[in-house]
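Please build the complete structure, drawing on both the sequences and the hints.
First residue of the sequence shown? That's 32 in our numbering, and the numbers climb one at a time after it.
Hints listed in this document are in silico derivations from the structure and should not be mistaken for laboratory results. Check before you lean on any hint, since a few could be wrong.
[Unchecked claim] Label-pair restraints from in silico Cβ distances: (1) Leu85 / Pro48: 35 to 45 Å; (2) Gln52 / Ile88: 43 to 53 Å; (3) Thr62 / Asp38: 42 to 52 Å; (4) Asp38 / Ala83: 43 to 53 Å; (5) Val72 / Ala97: 30 to 40 Å.
Given the structure is predicted, the values throughout are model-derived calculations rather than measurements. The C-beta atom is built at its ideal place from N, Cα and C for all residues, glycine as well.
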Amino acid sequence: MNCCNADGTCDQGKDCPVRKQRIKEVNDMYTKATQDIDPYVDTIGEFRTLLAALLVIVGLVMLTFAIWGK
32 MNCCNADGTC
42 DQGKDCPVRK
52 QRIKEVNDMY
62 TKATQDIDPY
72 VDTIGEFRTL
82 LAALLVIVGL
92 VMLTFAIWGK
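Right, here's the structure in full:
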């Protein structure tokens with residue numbers, strides 16, 4: 032049973048099998064992509080990046096004060 036029109040849009044309700052299959056494929060792709068991410072490792076990496084950026088900014092401020100400060 033094909034409930035989609037010639038353009039490929041399914042506009043005949045949420046129980047359309049073609050629409051259900053497309054939604055299932057998108058959901059499966061999303062869950063597969065997010066399974067490989069470890070939140071702890073990702074958070075530690077973000078913290079290290081933030082710390083490195085903060086150290087660079089503090090270093091530049093100190094250098095600026097050393098050159099132009101009185």
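Indicate whether the distance between the beta carbons of Val72 and Ala97 respects the range 30 to 40 Å.
holds, 37 Å
Pairwise beta carbon distance, Gln52 to Ile88, judged against the given window 43 to 53 Å:
Since the Cβ atoms of Gln52 and Ile88 sit about 51 Å apart, the hinted range of 43 to 53 Å holds.
Using the Cβ atoms, figure out if Asp38 sits within 43 to 53 Å of Ala83.
holds, 50 Å
Does the Cβ-Cβ separation between Thr62 and Asp38 fall within 42 to 52 Å?
violated, 29 Å
Measuring from beta carbon to beta carbon, are Leu85 and Pro48 in 35 to 45 Å?
violated, 54 Å
Of the numbered hints listed earlier, those contradicted by the structure are 1 and 3.
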